[in-house]
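Asker: Listed here are the chains, written in short residue letters.
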Amino acid sequence: MRFFPIVITSLLMFSACGSKSDSNSGASASSANAVESEQKVFYATMVWDEPLKAGTKDQKGTLAFTDSHMVAASSVTVNGFRLLMPSMGHGSYDGDQKYTAVEGSPDKVRVEGVYFTMGGAPGEWVVDVTATVNGTEDKVRLELPEVQ
Amino acid sequence: MRLIWIVVASGLLWCGSTSAWACSSCGSGGDDPLILYPNEKLKFYTSATDESGLRNIRGDGVVSPSYGIIRRQKLLFAAGYLATFNSFFTLNIPYTINHSATRQRQGLSDIAVAWRYTFLPSSLATPYLPQAQLIAGHKFKNARGIDESRDIQNLDVFGTGFNESKIGIDTWSGMNWFQYGITYLVIVPTAKETGRGKQHPGLKDTAVVSVGHTTDHVRIVTGVTRYRSSQRTVDGDLVAHSEQLQHNIFATLQSSIDMMRSWRLTVVRNASWGENRNTARGTAVTLAYQWGVGHDSTLFDH
Numbered sequence: 401m402r403f404f405p406i407v408i409t410s411l412l413m414f415s416a417c418g419s420k421s422d423s424n425s426g427a428s429a430s431s432a433n434a435v436e437s438e439q440k441v442f443y444a445t446m447v448w449d450e451p452l453k454a455g456t457k458d459q460k461g462t463l464a465f466t467d468s469h470m471v472a473a474s475s476v477t478v479n480g481f482r483l484l485m486p487s488m489g490h491g492s493y494d495g496d497q498k499y500t501a502v503e504g505s506p507d508k509v510r511v512e513g514v515y516f517t518m519g520g521a522p523g524e525w526v527v528d529v530t531a532t533v534n535g536t537e538d539k540v541r542l543e544l545p546e547v548q
Numbered sequence: 066m067r068l069i070w071i072v073v074a075s076g077l078l079w080c081g082s083t084s085a086w087a088c089s090s091c092g093s094g095g096d097d098p099l100i101l102y103p104n105e106k107l108k109f110y111t112s113a114t115d116e117s118g119l120r121n122i123r124g125d126g127v128v129s130p131s132y133g134i135i136r137r138q139k140l141l142f143a144a145g146y147l148a149t150f151n152s153f154f155t156l157n158i159p160y161t162i163n164h165s166a167t168r169q170r171q172g173l174s175d176i177a178v179a180w181r182y183t184f185l186p187s188s189l190a191t192p193y194l195p196q197a198q199l200i201a202g203h204k205f206k207n208a209r210g211i212d213e214s215r216d217i218q219n220l221d222v223f224g225t226g227f228n229e230s231k232i233g234i235d236t237w238s239g240m241n242w243f244q245y246g247i248t249y250l251v252i253v254p255t256a257k258e259t260g261r262g263k264q265h266p267g268l269k270d271t272a273v274v275s276v277g278h279t280t281d282h283v284r285i286v287t288g289v290t291r292y293r294s295s296q297r298t299v300d301g302d303l304v305a306h307s308e309q310l311q312h313n314i315f316a317t318l319q320s321s322i323d324m325m326r327s328w329r330l331t332v333v334r335n336a337s338w339g340e341n342r343n344t345a346r347g348t349a350v351t352l353a354y355q356w357g358v359g360h361d362s363t364l365f366d367h
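The listed protein sequences derive, respectively, from chains B and A.
Under our numbering, the letters of the first sequence match residues 401 to 548, in that order.
Under our numbering, the letters of the second sequence match residues 66 to 367, in that order.
So that you can see chain A by itself, here it is in the shape it has in the complex (with noise of 0.2 Å):
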């Protein structure tokens, strides 16, 4: 059985140097952080992120100063597991830290599991197709959202307060000098009974257009996202204003330790270019570091 595994990961190997195996998204801040390679059985992710500078953005797209939260910490561990050559699971479990001018408070946020399927992998005999991965993932409601807070800062807000799902294609093409990636999600949240009636975000959508080149142990990849999410309902009447949309700009610089560990460093500047409306703006910095468990390991043993 391991031998299989290895022809499989020498195969693909082979195809292509794991720039081919990136993905648009990754480090983007607008998916899951971690992949796997075929190489990897399983694998590990830890990060902190630290986003400093918060400010308001009102509907009416206005920056006002924020008299809650100017300051959010985030430790995330994440663990990928390779179910089949060309899939694999994810789990992410974040873990933030809120601060407010005088005070913080921290807790567990939503965990999050996610399932990616590359259906259309890369090839050096079709070195501009891009590979292509399906992706279903859904998000637990684990911590308040900020119309549960409690707190006059809204300091105990960790999470959206609202379970979702989601659904989308990432894109990478990584066979050549300029690589490139498209990833575009849509995110269904599941409506609840609160005190000011059934409340039902709308629907979400997220889209990351993304650039990079790759040297031997270092990638750099830069980009844009957006997200966007439509007019939220209360007892099915659609509330005015109620729309999000934030555009970010990132970038991305990776290196590789050896196979199995590298590093990743990442910028987020949060509502920095186009409209931005009913969010936040700030700048996040998180340093990663992954590792992966080969098939060869001696954890697969039984």
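Bound conformation, chain B alone (with noise of 0.2 Å):
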């Protein structure tokens, strides 16, 4: 009978290991933590889809919202969307860059088109988003993962 509650257990442990390979291995495209914007109006955190590449312009992922309260937002528009590689003082092609309201989910907004001229190391690229949640416009800097 003790036997059981150790299988389970184990199982358990295991699966938990499992979920937990998969967040990471997530983490590694997208900006884990949400972040306060300057005037501490809303909180950002950015999905990538995939693994970042530097020199092709289909890079895209999906930003989300909440107000200062963390609760998602209830409206919101991207109204930039800035790559800076502050190390080296320079920024990125976006041209290409389009901003789409995701259906159904008024905290989100995909963001596609994203070009990186070089690779960088984890936070060696940034983007400054400026958005309008809620109604009021401020300003974001999220770190990237590595852009390969």
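None of these hints come from the bench; they were simulated from the model.
Among the clues, some could well be false.
[Said to hold, decoys possible] What follows is a set of in silico ranges between Cβ atoms, one per label pair, in the way DEER data are often shown:
hint: 1; chain 1: A; residue 1: Ser152; chain 2: B; residue 2: Pro451; range: 56 to 64 Å
hint: 2; chain 1: B; residue 1: Asp496; chain 2: A; residue 2: Gly126; range: 28 to 36 Å
hint: 3; chain 1: B; residue 1: Asp496; chain 2: A; residue 2: Gly118; range: 24 to 32 Å
hint: 4; chain 1: B; residue 1: Lys539; chain 2: A; residue 2: Val178; range: 40 to 48 Å
hint: 5; chain 1: A; residue 1: Ser117; chain 2: B; residue 2: Glu503; range: 48 to 56 Å
hint: 6; chain 1: B; residue 1: Thr500; chain 2: A; residue 2: Gly301; range: 33 to 41 Å
hint: 7; chain 1: A; residue 1: Val274; chain 2: B; residue 2: Thr500; range: 54 to 62 Å
hint: 8; chain 1: A; residue 1: Trp338; chain 2: B; residue 2: Thr500; range: 43 to 51 Å
hint: 9; chain 1: B; residue 1: Asp449; chain 2: A; residue 2: Pro130; range: 16 to 24 Å
hint: 10; chain 1: A; residue 1: Lys257; chain 2: B; residue 2: Asp496; range: 24 to 32 Å
hint: 11; chain 1: A; residue 1: Gln169; chain 2: B; residue 2: Gly495; range: 16 to 24 Å
Every residue gets a Cβ at the ideal spot worked out from N, C-alpha and C, and that includes glycine.
Join the two chains into one complex using the hints; note that each chain is given alone, in its own frame.
Answerer: Written as structure tokens, this is what we have:
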């Protein structure tokens, strides 16, 4: 009888390990934690679809916003998505970027057509996002994961 | 007046061969390539450089592919004027052609002026004492830097994007079979206002250590170069991980055609040893031709 809890616990641990591993691989392509905007109007996170790669215009991901109380935003408009590599003092091409509202999720915006001119270590690339959340505009800087 | 120059030049010629008047940074890529010998009143220099296989080196030192410039060609025209028997001025006008895998763009790069003053000349009396020159110069921002690029692959970047002043010392011991030299330069960039605040690149310095040997008409010099830039600031705030570091190795072969003309072949392997950060790796091959005009030239008759 004592054997069953051990087996079940082991199976649960094994299962937890698997989900942790999945979550880690996801984190490698996302800004894991919500970052507060400059005027404390909102929090933002970005999850990239895939590990980031330089030299292609098809990098994309989803921005998610909450208000200052971490409640999902009821309306969001992205006004700017400006890549920057502060260590080198330059940005990147942004002529093909598109921002699209996610149907059924007013707190989320899809960003597509992102281009990185060069690779970078985690945090070397950042993005300055300007957005109007629940009617108030503010700006937030998100650090990006590794760009290969 | 001409006689005085001839006497001075002859005296210096007697002091040693032209190898004595070389410099450790010449041909290294670490500083201006043109120097004047005391028997030359005016000198011109042209070179063509082909740098290929360019790869980026990230802030963490990891080498990554370049999706922008993969090859850079540079044409340089330089002129030098001997102001006194121990000092001269130079003017450098570079023109750059940047290539990506599919496109190319070209333009004038930053124009630079420099002054060299020999405060410790080489002498047969003290053959183991090196010649020492003081260097001062300024590079005028003329071309776009990477922070001003409007090209998706940064092919329109032909300069650093900042005015830069420099000062340093170049030493060269060229009187013996084994020749050696050390150059050290400090480069001070000027801050500029940009859409992203007041950008100020960090203080830069360049060190060159070279060794060489000269036969009757041929000089071989090889050495290493270290280029370093401290952290940049934006509106006075230090930018993390923005230091630049580059360690190069170079080899130069120079051959005299006659007293006034020579050619030079230089190979530089950029960012090839030691620690390198926020820079690019590549191999540059430069072929240069230079010719001097003597003090007795009719160019200086009045």
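Asker: Are the hints correct? Go through all of them and say.
Answerer: To see whether the hints hold, each was checked on the structure:
Taken as a hint, the range 56 to 64 Å holds for the pair Ser152(A) and Pro451(B), whose Cβ atoms sit roughly 57 Å apart. For the pair Asp496(B) and Gly126(A), the supplied restraint of 28 to 36 Å holds, since their beta-carbon distance comes to about 31 Å. Checked against the hint of 24 to 32 Å, the pair Asp496(B) and Gly118(A) passes, with Cβ atoms roughly 29 Å apart. Taken as a hint, the range 40 to 48 Å holds for the pair Lys539(B) and Val178(A), whose Cβ atoms sit roughly 42 Å apart.
For the hinted restraint 48 to 56 Å between Ser117(A) and Glu503(B), the CB-CB distance of approximately 49 Å keeps it satisfied. Roughly 38 Å separates the CB atoms of Thr500(B) and Gly301(A), a value that falls within the hinted 33 to 41 Å. A hinted range of 54 to 62 Å holds for the C-beta pair Val274(A) and Thr500(B), which are about 57 Å apart. As the Cβ distance of Trp338(A) to Thr500(B) is approximately 48 Å, the hint placing it in 43 to 51 Å holds.
Range check, Asp449(B) to Pro130(A): about 21 Å between beta-carbon atoms, so the 16 to 24 Å window is met. Range check, Lys257(A) to Asp496(B): Cβ separation about 29 Å, and the 24 to 32 Å hint holds. At about 20 Å, the CB distance of Gln169(A) to Gly495(B) agrees with the hint of 16 to 24 Å.
The structure meets every hint from the earlier list without exception.
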